[in-house]
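Assemble the whole structure, with the sequences as input and the hints as a guide.
Protein chains in written order, with our numbering: chain R, 1 to 301; chain B, 1 to 211.
Heads up, some of the hints might be wrong.
Facing chain B, a subset of chain R residues (Cβ under 7 Å, in silico) [said to hold, decoys possible]: (1) D11; (2) L12; (3) I15; (4) M16; (5) P17; (6) K37; (7) N41; (8) C52; (9) G54; (10) S84.
Within a straight-line C-alpha distance of at most 30 Å, the following computed DSBU-like cross-link-like pairs (lysine-lysine) qualify [what the hints assert, rightly or not]: (11) R:K246 with B:K75; (12) R:K179 with R:K217; (13) B:K111 with B:K183; (14) B:K55 with R:K31; (15) R:K31 with B:K108; (16) B:K75 with R:K31; (17) R:K25 with B:K195; (18) B:K183 with R:K7; (19) B:K108 with R:K43; (20) B:K111 with R:K25; (21) R:K43 with B:K183; (22) R:K7 with B:K195; (23) R:K185 with R:K294; (24) R:K43 with B:K75; (25) R:K31 with R:K217.
Source of the hints: derived by calculation from the structure; they are not laboratory data.
All C-beta atoms, glycine included, are put in the ideal place defined by N, C-alpha and C.
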Amino acid sequence: MSKERIKISEDLYDIMPSDYQDLVKSATYGKEDRGWKDIGNSKELIEQHSLCAGCPESMAFRYILASLPNPEDTVMVGSTGCTSLVFPMVAVHNIHSLFGNQNAIASGLKRALSVRFPGRTKDVVVLAGDGATVDIGLDMTLQAWFRQEKFTTICFDNELYANTGGQESGLMQKGFVAKMAPVGKLFDKVRLPEIARESGCHYVVQCTVSKPSLIEKVVRNAVMIAREIGPTYLQLYTPCILEIGKNSMEGLQEMRDSEKPTERFAYKEYISEPAKQLLAEVTAKDKEKKAAAKQLASQEA
Amino acid sequence: MTQYRVLPGPEHFLPPSAASMGICLPNPGEAHINGVIVPEEKAYEEAAKQFLMAKVPTIFPGPLVLWAWNEKAAKKATAVRHLYNTLKECAQPGQTPMLIPMPDYRPKYPKINPEVEINPNHPNLTIWHNKIDCCMFIGVHCHQANLSLKIIRGGTSCYTIAMCAQAGHEDAMLSFRDASVEKIMKLAEWVRKLKGTVQPRLTSAKSGASN
Numbered sequence: 001m002s003k004e005r006i007k008i009s010e011d012l013y014d015i016m017p018s019d020y021q022d023l024v025k026s027a028t029y030g031k032e033d034r035g036w037k038d039i040g041n042s043k044e045l046i047e048q049h050s051l052c053a054g055c056p057e058s059m060a061f062r063y064i065l066a067s068l069p070n071p072e073d074t075v076m077v078g079s080t081g082c083t084s085l086v087f088p089m090v091a092v093h094n095i096h097s098l099f100g101n102q103n104a105i106a107s108g109l110k111r112a113l114s115v116r117f118p119g120r121t122k123d124v125v126v127l128a129g130d131g132a133t134v135d136i137g138l139d140m141t142l143q144a145w146f147r148q149e150k151f152t153t154i155c156f157d158n159e160l161y162a163n164t165g166g167q168e169s170g171l172m173q174k175g176f177v178a179k180m181a182p183v184g185k186l187f188d189k190v191r192l193p194e195i196a197r198e199s200g201c202h203y204v205v206q207c208t209v210s211k212p213s214l215i216e217k218v219v220r221n222a223v224m225i226a227r228e229i230g231p232t233y234l235q236l237y238t239p240c241i242l243e244i245g246k247n248s249m250e251g252l253q254e255m256r257d258s259e260k261p262t263e264r265f266a267y268k269e270y271i272s273e274p275a276k277q278l279l280a281e282v283t284a285k286d287k288e289k290k291a292a293a294k295q296l297a298s299q300e301a
Numbered sequence: 001m002t003q004y005r006v007l008p009g010p011e012h013f014l015p016p017s018a019a020s021m022g023i024c025l026p027n028p029g030e031a032h033i034n035g036v037i038v039p040e041e042k043a044y045e046e047a048a049k050q051f052l053m054a055k056v057p058t059i060f061p062g063p064l065v066l067w068a069w070n071e072k073a074a075k076k077a078t079a080v081r082h083l084y085n086t087l088k089e090c091a092q093p094g095q096t097p098m099l100i101p102m103p104d105y106r107p108k109y110p111k112i113n114p115e116v117e118i119n120p121n122h123p124n125l126t127i128w129h130n131k132i133d134c135c136m137f138i139g140v141h142c143h144q145a146n147l148s149l150k151i152i153r154g155g156t157s158c159y160t161i162a163m164c165a166q167a168g169h170e171d172a173m174l175s176f177r178d179a180s181v182e183k184i185m186k187l188a189e190w191v192r193k194l195k196g197t198v199q200p201r202l203t204s205a206k207s208g209a210s211n
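See below:
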């Protein structure tokens with residue numbers, strides 16, 4: 001698993017658009033400790049995007065793509081919504097599913113990949129909005145978790161249907177009035193993280209995308225646990241600045257305000273016992289590697 | 001026997017797939033020209049003529065040759081470059097051969113730069129922008145090639161050639177099958193052989209289809 005499989009034919013190298021040449025030269029495919037700190041030093045796996053200026057979803061995309069542990073062997077499954085505007089610009093294999101059936105597609109995909117490539121680690125990551133995950137696709141979301149399908153589900157929670165002008169979604173907070181939901185939400189935000197835990201997810205996190213290091217940690221954990229143990233779920237607050245009446249530069253502050261301990265996006269985490277054990281093993285291995293590298297460096301010095 | 005012929009367009013918005021109009025794929029050793037099955041030799045001659053007649057003859061290499069995913073792909077890429085170099089050598093004043101890649105199939109609209117790449121979901125943009133009047137697809141997965149060829153036939157007057165590694169394409173105006181390094185080199189030989197015998201068109205626009 002490395003860049004070796006991503007090579008341009010020598011005789012046609014010069015005609016390839018520069019973004020592909022850059023991907024081959026300086027993207028972090030195959031780098032073991034890839035993470036958000038590579039942003040700015042290497043070619044990102046997202047080219048330009050067509051989201052609104054200042055959209056927190058674009059930050060989320062950049063952090064997630066920088067943090068996937070195995071991007072050259074990862075397939076992402078998207079769904080209808082703002083995310084589907086971005087996937088065409090993403091240099092990771094991806095499938096656009098019909099609205100809501102992303103977890104069903106991912107289930108079949110993960111199984112097919114394990115049959116087709118038995119000796120190779122293939123990760124599947126679902127990335128969809130709250131409408132696809134919680135409203136239209138809730139059946140598929142839950143059934144995948146009940147069946148213990150080994151992939152990660154990431155929900156970009158912007159608390160409404162932003163792409164179509166602001167309709168009410170299940171993850172909208174109670175009482176919120178949106179452009180196309182003038183009465184205001186009459187019931188509470190669906191508690192999907194709790195539902196995920198009860199439905200069999202081994203790793204569940206709810207947070208905002210204000211801190212890249214945190215996103216790196218939770219994405220890596222979620223993918224590693226899904227690979228070895230079972231389903232994992234991340235619910236990330238990516239506010240739609242247009243629909244909540246904010247300016248382009250106010251997205252980050254909105255996330256910081258919403259993640260305070262008493263607010264609705266205070267950090268929540270659930271890890272099952274087998275997942276805890278796996279993470280402990282991974283951490284121990286990482287420590288060993290670092291110690292060995294340090295020792296080697298000191299010997300060389 | 002169908003009367004339908006696969007001709008340069010613009011046919012109309014959403015043209016029928018040629019297969020649905022009764023066009024059949026060639027058997028090994030054969031090719032088709034405008035939907036009529038012919039011996040492969042005749043197709044080499046016709047493809048070379050079309051290239052030499054065109055004002056902007058263009059090769060569109062797809063991911064299967066652009067990416068060196070195996071040794072054979074890299075060799076085909078070398079042959080494609082050889083064909084392009086031959087076209088350049090044989091071009092007369094006023095002719096501008098081009099080599100434009102289709103690196104992948106992501107629907108990159110509206111970010112695509114039609115000057116430097118072609119996308120199967122809106123190939124007409126690249127053809128219109130560069131005024132391409134004859135093109136050859138090579139190394140494009142069949143489904144994406146069919147999609148592109150149909151869009152091109154529907155909306156442009158470009159003559160399409162498919163150098164297909166599988167069973168050929170009904171939706172191209174001329175299609176080879178079982179493409180190999182040898183076949184690409186042979187087409188280059190034919191271009192060289194016919195050099196100077198074919199009069200280039202003065203303009204890139206051609207008349208519409210006559211189906």
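Here's how the hints hold up against the structure:
A hinted interface residue such as D11 of chain R counts as satisfied when its beta carbon comes closer than 7 Å to some beta carbon of chain B; here the least separation is about 4 Å, so the hint holds. Nearest Cβ of chain B to the Cβ of L12 of chain R: about 5 Å, under the 7 Å cut. The hint holds. With 7 Å as the threshold, the beta carbon of I15 of chain R comes within range of chain B, its nearest partner Cβ sitting at about 5 Å, so the hint holds. Hint on M16 of chain R holds. Least Cβ distance to chain B is approximately 6 Å, under the 7 Å limit.
A cut of 7 Å between beta carbons decides the hint on P17 of chain R: the least distance to chain B is about 5 Å, and the hint holds. Among the interface hints, the one on K37 of chain R is violated; its C-beta lies about 27 Å from the nearest C-beta in chain B, farther than the 7 Å criterion. Hint status for N41 of chain R relative to chain B: violated, with the closest Cβ pair at about 24 Å, above 7 Å. For C52 of chain R, the shortest C-beta to C-beta distance to chain B is roughly 15 Å, which exceeds 7 Å, and the interface hint is violated.
A hinted interface residue such as G54 of chain R counts as satisfied when its beta carbon comes closer than 7 Å to some beta carbon of chain B; here the least separation is about 19 Å, so the hint is violated. Contact between S84 of chain R and chain B, as hinted, is not supported at the beta carbon level, the nearest pair being about 10 Å apart and thus beyond 7 Å. A threshold of 30 Å between alpha carbons decides the hint, and for K246 of chain R with K75 of chain B the separation of about 55 Å lies outside it, so the pair is violated. With a C-alpha separation of about 35 Å, the suggested pair K179 of chain R and K217 of chain R falls outside the 30 Å cut-off, and the hint is violated.
With a C-alpha separation of about 35 Å, the suggested pairing of K111 of chain B with K183 of chain B is violated against the 30 Å cut-off. A distance of roughly 46 Å separates the Cα atoms of K55 of chain B and K31 of chain R; the hinted pair therefore is violated under the 30 Å criterion. For the hint pairing K31 of chain R with K108 of chain B, the CA-to-CA distance comes to about 27 Å; that is within 30 Å, so the pair holds. In summary, the hint linking K75 of chain B to K31 of chain R is supported, as the alpha carbons are separated by about 29 Å, within the 30 Å threshold.
For the suggested pair K25 of chain R and K195 of chain B, the alpha carbons sit about 40 Å apart, so the restraint of at most 30 Å is broken. For the suggested pair K183 of chain B and K7 of chain R, the alpha carbons sit about 24 Å apart, so the restraint of at most 30 Å is met. For the suggested pair K108 of chain B and K43 of chain R, the alpha carbons sit about 18 Å apart, so the restraint of at most 30 Å is met. Distance hint between K111 of chain B and K25 of chain R is fulfilled; the C-alpha atoms sit about 22 Å from each other, no more than 30 Å.
Between K43 of chain R and K183 of chain B, the direct Cα distance comes to roughly 38 Å. Violation of the 30 Å bound is thereby established for this hinted pair. Of the pairs offered as hints, the one joining K7 of chain R and K195 of chain B is violated, with about 35 Å between alpha carbons and a cut-off of 30 Å exceeded. With a C-alpha separation of about 55 Å, the suggested pair K185 of chain R and K294 of chain R falls outside the 30 Å cut-off, and the hint is violated. For a cut-off of 30 Å, the pair hint linking K43 of chain R to K75 of chain B stands: about 28 Å separates their Cα positions.
At roughly 16 Å between alpha-carbon atoms, K31 of chain R and K217 of chain R fall within 30 Å of each other, so this suggested pair holds.
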